[in-house]
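2 protein chains.
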Amino acid sequence: MFSYAIGVDLGGTNLRIAAVDENGKLLEKLSTATDLTHGRDAVIAEMTQAIRRLLDKFQGQGESRGVGIGVPGIIDMDTGMLRESPNLPGWSEFPVHAEIERRLGIPVMLENDANAACLGEKWLGAGKDYQSMCMLTLGTGVGGGIVLDGKIWHGMNGMAGELGHINVEPEGHPCKCGSRGCVEQYASATAVVRMAREAIAGNLSKELARAAEDAGKEFDSRHVYQLAMKGDAATQQIFRRVGRALGIMLADVVNALNLPIYVIGGGVASAWDAFAPTMMEEIRKRSFVYAATVPEGPRPAKPNKSTLITMAQLGSDAGLYGAAYLPLQRAGVKSGNAKL
Amino acid sequence: MFSYAIGVDLGGTNLRIAAVDENGKLLEKLSTATDLTHGRDAVIAEMTQAIRRLLDKFQGQGESRGVGIGVPGIIDMDTGMLRESPNLPGWSEFPVHAEIERRLGIPVMLENDANAACLGEKWLGAGKDYQSMCMLTLGTGVGGGIVLDGKIWHGMNGMAGELGHINVEPEGHPCKCGSRGCVEQYASATAVVRMAREAIAGNLSKELARAAEDAGKEFDSRHVYQLAMKGDAATQQIFRRVGRALGIMLADVVNALNLPIYVIGGGVASAWDAFAPTMMEEIRKRSFVYAATVPEGPRPAKPNKSTLITMAQLGSDAGLYGAAYLPLQRAGVKSGNAKL
Chain A
1 MFSYAIGVDL
11 GGTNLRIAAV
21 DENGKLLEKL
31 STATDLTHGR
41 DAVIAEMTQA
51 IRRLLDKFQG
61 QGESRGVGIG
71 VPGIIDMDTG
81 MLRESPNLPG
91 WSEFPVHAEI
101 ERRLGIPVML
111 ENDANAACLG
121 EKWLGAGKDY
131 QSMCMLTLGT
141 GVGGGIVLDG
151 KIWHGMNGMA
161 GELGHINVEP
171 EGHPCKCGSR
181 GCVEQYASAT
191 AVVRMAREAI
201 AGNLSKELAR
211 AAEDAGKEFD
221 SRHVYQLAMK
231 GDAATQQIFR
241 RVGRALGIML
251 ADVVNALNLP
261 IYVIGGGVAS
271 AWDAFAPTMM
281 EEIRKRSFVY
291 AATVPEGPRP
301 AKPNKSTLIT
311 MAQLGSDAGL
321 YGAAYLPLQR
331 AGVKSGNAKL
Chain B
1 MFSYAIGVDL
11 GGTNLRIAAV
21 DENGKLLEKL
31 STATDLTHGR
41 DAVIAEMTQA
51 IRRLLDKFQG
61 QGESRGVGIG
71 VPGIIDMDTG
81 MLRESPNLPG
91 WSEFPVHAEI
101 ERRLGIPVML
111 ENDANAACLG
121 EKWLGAGKDY
131 QSMCMLTLGT
141 GVGGGIVLDG
151 KIWHGMNGMA
161 GELGHINVEP
171 EGHPCKCGSR
181 GCVEQYASAT
191 AVVRMAREAI
201 AGNLSKELAR
211 AAEDAGKEFD
221 SRHVYQLAMK
231 GDAATQQIFR
241 RVGRALGIML
251 ADVVNALNLP
261 IYVIGGGVAS
271 AWDAFAPTMM
281 EEIRKRSFVY
291 AATVPEGPRP
301 AKPNKSTLIT
311 MAQLGSDAGL
321 YGAAYLPLQR
331 AGVKSGNAKL
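Going line by line, the protein sequences match chains A and B.
Just so it is clear: in the first sequence, position 165 is 165 by my numbering, and no numbers are missing.
Just so it is clear: in the second sequence, position 15 is 15 by my numbering, and no numbers are missing.
Everything labelled a hint here was simulated from the structure, so no lab data went into it.
Any given hint could be a false lead.
DSSO-like mimics (lysine-lysine), calculated; alpha carbons at most 30 Å apart, straight line [as the list claims (entries may be wrong)]:
1. B/Lys128 <-> A/Lys151
2. B/Lys285 <-> A/Lys128
3. B/Lys176 <-> A/Lys151
4. B/Lys305 <-> A/Lys176
5. A/Lys305 <-> B/Lys176
6. A/Lys176 <-> B/Lys128
7. A/Lys151 <-> B/Lys151
Derived list of chain A stretches under chain B, where covered just means 3 residues or more per stretch with a C-beta under 8 Å from a C-beta of chain B [what the hints assert, rightly or not]:
8. 53-60
9. 111-122
10. 141-148
11. 190-204
12. 246-260
13. 286-295
Note that beta-carbon positions come from the ideal geometry of N, C-alpha and C, so glycine has one too.
Make a model of the complete structure from these sequences and hints.
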């Protein structure tokens, strides 16, 4: 009999629920749009029904190790309340953990979505050969997660890993967190679109203006990336700003934590070719710890001896796998080298 | 029979060696100037002779748990080599760990001095009620140390905790690490003196110019602090820059690690009154994790529930105690609530 767990990725846009076995094999996946219009309780009802359906389906075949749920927001680990959740309006200061457990009648583990994504990449993705890593998820915002010695580092009350708010420009663009110049203001999909609109307003690129007009409300960071790849100079400059911000921020984390691997995922990570050269240049210049631990010349990186900065491997499923891994890890299922 | 250990703080200026018992009681302390003029081998010989003297003295009375040595430089934990050590010229790329063990004939534990100071404050100082903390040492440079779950976080190869090189001004003052605008360039004693000389060159303060002239070559950050406390506006502005840099940097670390306590030590920490108001203002503004975890109004901070930013308590002995604690900790001696 195999062990398995249910992982849930509750996003502001999509609700995805999967049964995953102890080796990381996907047994079944359900995806729906997150319908926030009928309110919080309707979303929780739909989620708990889908979880129940999967649990019923595999009953008798596999041994359930539990349920892990990734949510977009800061979770107070002491109370199971969401402290902040801009993408789930009306959910903050709500005892989401208790309510889900009440409806399911079994214990669940709640985790910040970016932390879950980091754990997923550690279990089955870019970090599977490492015990410690950090991950940035470049999406609507910039999420962060830190895994130390195999476990998510929560800090004092579950708020650790907010790497999107590391400062890269003290008097830079205002951030909704209250600061200015957080890396999120230069490396998120939202920031890429903002910088593109700034370039259009400054008459810096006709191509970009045309692309924005053609796309209308659908204009997003992928359009900007496509133009950069076609060689549009002003658009390439935007991704150099992305790379610079990421490089400053990663240099800070390398200097502070000396981790073996830093993983970049989320939608904007697909623009790797456009931002990575500047990012790597900044890190090399700004972190002597990086410079001292990067393999020279053609020598391949040795796991846990050299610093590796690399793309995520699990795409948008990282958080789903990470959420499923939460109860498996608690149950003592070993990680590492399991292949998808 | 009591347990004890030998702690060594090998600085570029002073060599201090102490026998400390398992409760943190200082049994004996030897201090000499570090005489670098006769070379590395002479310093190591003097140090190992003094260690041997203390070990001989307490033989029969107490059980030695070993020797811990704090050194000013980056230690490669795999090889026991100093990677960089600006204050010990000629020591880098030298197998200092192996050489000391060879001379003493017993195993020793080598640690970066700022890490040792952090561990000392965790054992007996400001962090003694906490399991995780970080410490900044504002001296000639800005040293950093991170203790997680009771142990120094070394990272992949012992280079973690280089918090002095977290960026606070991307195009700021050049740092010898190769970057620009590291917090060390605004919050070290060296930086305070540099900013004072800049203010003098800019004709911003006659008081400061006079103090610098009077002190001559002895002019240091304490003179600057004294003027700030006397109300000299240009000098106060220097400490606001110190506070701003520390605030930006600490906000980064709070957002990343969500630790319960951040401790500031080293010579410049005595200027707390002059820089702390600006520092706290910056942290509050720039870290929503801090803002969410700071006690409101007159409520006292609860250990491990609220974020505390505070002065170190052990002064220049922090590193000595921390070095002694290294072998005691390895031997399983419990920390916490031991009083000096």
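Hints, verified against the model:
Restraint check: the Cα-Cα separation between B/Lys128 and A/Lys151 comes to about 24 Å, which is no more than 30 Å; the hinted pair holds. The straight-line distance between the Cα atoms of B/Lys285 and A/Lys128 is roughly 37 Å, outside the 30 Å bound, and the hint therefore fails. Distance check on the hinted pair: B/Lys176 and A/Lys151 sit about 35 Å apart at the alpha-carbon level, beyond 30 Å; violated. Between B/Lys305 and A/Lys176 the alpha-carbon distance is near 24 Å, which keeps this suggested pair within the 30 Å criterion.
Only pairs whose Cα atoms come within 30 Å are accepted, and A/Lys305 paired with B/Lys176 is accepted, the gap being roughly 24 Å. Restraint check for A/Lys176 and B/Lys128: not satisfied, since their Cα atoms lie roughly 35 Å apart, outside the 30 Å limit. With a CA separation close to 16 Å, the supplied pair A/Lys151 and B/Lys151 stays within the 30 Å bound. Here the segment 53-60 of chain A counts 0 residues with a CB under 8 Å from a CB of chain B, which misses the bar of 3, and the coverage is violated.
Check on the segment 111-122 of chain A: 0 of its residues sit with their Cβ under 8 Å from a Cβ of chain B, so the three-residue criterion for coverage is violated. By the rule of at least three residues with a Cβ nearer than 8 Å to a Cβ of chain B, the coverage given for the segment 141-148 of chain A holds, with 3 such residues. Given a C-beta distance limit of less than 8 Å, the hint that chain B covers the segment 190-204 of chain A is violated, as 0 residues qualify and 3 are needed. Coverage of a stretch by a chain is defined here by at least three residues with a beta carbon nearer than 8 Å to that chain's beta carbons; for the segment 246-260 of chain A and chain B the count is 10, and the condition holds.
Judged by the Cβ-Cβ criterion of 8 Å, the segment 286-295 of chain A is covered by chain B as claimed, because 7 of its residues qualify and three suffice.
Of the hints listed earlier, those the structure fails to meet are numbers 2, 3, 6, 8, 9 and 11, in rising order.
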